[in-house]
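If you want the building blocks of each chain, they are given just below.
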Amino acid sequence: MQQTEVFEGKLTTRSRMRKFGVLLTGPGILWLLVFLLIPTVFLMVLAFAQRGSYGSIDWHFSLLNLKRLLGFSSFGWSPDNLLILWRSVKIAAFTTVLCIFFGLPMAFWIANHGKSMRAFLFALIMVPSCTNLVIRTAAWMILLGPDMFPASIARFLGLIAEGESLYPGSFAVYVGMVSSMLPFAVLPLYTSVERLDWGIVEAARDLYAGPVRTFYHGILSQMMPGIVASVILTLVPSFGMYVISDLLGGSKYMLIGNLIQQQFGSASDWPFGAMLGVVLILTSVISLVIFQRVGGKNFV
Amino acid sequence: MKKVLFALSFLALASLFVGCNSEKKSSDKPSKVTVMIYSEYIDPAMLPDFEAKTGYKLQLELYEAQEEMISKLQTVGTAQYDVVIASDVVIQQMIHLGLIGKIDTNKIPNRVNVADQFRNPSYDPTNDYTLPYLWGTTGILYRDPSIDPMNVSYSLLFDANNTKGNFSLLEESRSMLSMALQAKGFDANSTSKKEINQAVDYILQAKKDPHFLGFDGSVGGKDKVLSKMDWAAIVFNGEAMAAIDEDSTLQFAIPTEGSFMWVDAMTLSSKAPNVDGAYAFMNYILDAQIGAQLAKYINYATPNKASLEVLDTEFTENRVINPTEEEIKRMVFLKDPGDAARLFDEAWTIVKTR
Chain A
1 MQQTEVFEGK LTTRSRMRKF GVLLTGPGIL WLLVFLLIPT VFLMVLAFAQ RGSYGSIDWH
61 FSLLNLKRLL GFSSFGWSPD NLLILWRSVK IAAFTTVLCI FFGLPMAFWI ANHGKSMRAF
121 LFALIMVPSC TNLVIRTAAW MILLGPDMFP ASIARFLGLI AEGESLYPGS FAVYVGMVSS
181 MLPFAVLPLY TSVERLDWGI VEAARDLYAG PVRTFYHGIL SQMMPGIVAS VILTLVPSFG
241 MYVISDLLGG SKYMLIGNLI QQQFGSASDW PFGAMLGVVL ILTSVISLVI FQRVGGKNFV
Chain B
1001 MKKVLFALSF LALASLFVGC NSEKKSSDKP SKVTVMIYSE YIDPAMLPDF EAKTGYKLQL
1061 ELYEAQEEMI SKLQTVGTAQ YDVVIASDVV IQQMIHLGLI GKIDTNKIPN RVNVADQFRN
1121 PSYDPTNDYT LPYLWGTTGI LYRDPSIDPM NVSYSLLFDA NNTKGNFSLL EESRSMLSMA
1181 LQAKGFDANS TSKKEINQAV DYILQAKKDP HFLGFDGSVG GKDKVLSKMD WAAIVFNGEA
1241 MAAIDEDSTL QFAIPTEGSF MWVDAMTLSS KAPNVDGAYA FMNYILDAQI GAQLAKYINY
1301 ATPNKASLEV LDTEFTENRV INPTEEEIKR MVFLKDPGDA ARLFDEAWTI VKTR
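One line per chain: the protein sequences are A and B, in this order.
Under our numbering, think of the first position of the first sequence as 1, with each following residue one higher.
Under our numbering, think of the first position of the second sequence as 1001, with each following residue one higher.
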């Protein structure tokens, strides 16, 4: 006879609890296995295969794709792939910083409204995300065109010459990136603003802390979990994003997303595409770990 | 437990019935022809007409890009489709991957209507796998009526002293590189590392020009020229025609150094469930009247010489759709680069990085 235990006020046995646990976690584990683990492992195996003739897959394993990634191409060594990776990291990081910069005041501003107004403001932020990304980006293309008012204002201020438009260019790319990522940054920031313990701010003021110190120790430290969440939610998707830079940047330069798309598309080199995909995953994970180590330590 | 068993056995029984059903269906004479085709690439009026003439229902499966079509055939399987419309560049790849099979041309009486220049083409030298559907050219669309379109060089875009305004290049690795190869005086189908390298440098030089607005697809380039953001762009002739219809100050030129023409061909899926229906469709398209109707509706040139006699002179003498003999001589078909595909891919990565 098994030893009986008490769980949630009921008598039960260990084996029954174990069975119950398996039943509860089973679907989740199955989900991770089917949709995360198996595809990722397949991707990693594929990354070391070769492109056969006419785009088939040749299952001979080697490190050639890795060498190619590091810049050893048919045209001699040139670090183009690494440059592409660096450019993608740069754009993703800058987009994230901009999103937090604009998202913080927005979160406070929304939190300062009454309940019904808050819901309305949230709807204003979220509703655009219901539209397809390509359509939203195309809307920016029209809005930033040569005959529209943003271009006229910029022309009046002497920022652009006569007949020019605000796109394609990096300004337009960041406008597109920030506008599509901002909702994901604001949401977690808002939740942590709502949970703020204003007593700490009061205490800091009582102890003669200046406004900067009060913000740093009293508010920012409390909001760190929210900031970490919004960094993850903006950094990871913007890292693989390439539609916006193609449409608003004139697709003059490639990003890692373009390069992967090219491998699975016109180049039909799936193994090299898989290698790039693995690198994309690794870079996201590494940058998140670095962020947690460097950014999180001072506060938590 | 009993209930579960009961449910399972019921399911098994049900699947048995479903199995029987589908088997019965496939033994019948197939009633439909499934054609895999670019979206908006057929006159919708032809669907009821084809059914009335042949008794087969015409079912269209649409795709947007060649790669999408190939991966669909690889994953969904070739048994789902009868006819596949494919571009000349991917024909060799599709033959090697076993996606398309040989056509018994004796079953297609209208094959005699195919114009001579589309017989035994470089993408299908033995003429076993393809019959042409429509064809077109690639050139420069620009806004300057004073420049004679018969005498336009690539330097209009690539030479900073010659460009008169903003321009876009074509966002398609193989096509753009082949045009740069021709601009440098090389063969468009060259797989020489040295020559491709020079083509890359040529594009990179144009990229440094402040007038360079970026890489665009044919439709995107056309839109930018129409909205006056661009002064010139590289587009297909169908897009050029649509743009000139809207704005008659625009011109379309096949550059003197050469460019490439392309054919969209009808191919037979390797496991086509309805081979006779597929032949009926090919024969239908190659009919003189139908070929003319198709060309007029889509605004591309027809490879059907019998249709050319049916079409009005306004259409056949339109130089944008039907280039002159001299212009045709400048153009080539692009070949599948085979294992040199990686060379083009790496070259394009360099073009898009620097």
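No lab work stands behind these hints, which were simulated from the structure alone.
A portion of the hints provided could be inaccurate.
As the list claims (entries may be wrong) - Cut-off 16 Å, straight-line C-alpha distance, at most; resulting in silico cross-link-like pairs (EDC-like, lysine to aspartate or glutamate): (1) B:1228 <-> A:147; (2) B:1296 <-> B:1314; (3) B:1296 <-> B:1043; (4) B:1228 <-> B:1339; (5) A:252 <-> B:1247; (6) B:1164 <-> B:1209; (7) A:252 <-> B:1209; (8) B:1296 <-> B:1257; (9) B:1207 <-> B:1159; (10) B:1228 <-> A:5; (11) B:1329 <-> B:1116; (12) B:1164 <-> B:1187; (13) B:1335 <-> B:1187; (14) B:1305 <-> B:1317; (15) A:252 <-> B:1171; (16) B:1102 <-> B:1314; (17) B:1184 <-> B:1257; (18) B:1193 <-> B:1064; (19) B:1164 <-> A:147; (20) A:19 <-> A:5; (21) A:252 <-> B:1116; (22) B:1053 <-> B:1201; (23) B:1107 <-> B:1257; (24) B:1228 <-> A:162.
As the list claims (entries may be wrong) - Listing some non-contacts, in silico: residues in chain B with all C-beta distances to chain A over 12 Å: (25) 1062; (26) 1092; (27) 1197; (28) 1217.
As the structure is a prediction and not an experimental result, all values here were calculated from the model.
Using N, Cα and C, we set each Cβ at its ideal position, and we do this for glycine too.
Original post:
Which numbered hints turn out to be false for this structure?
Top reply: 4, 5, 8, 10, 12, 16, 18, 19, 21, 22, 23, 26, 27 and 28
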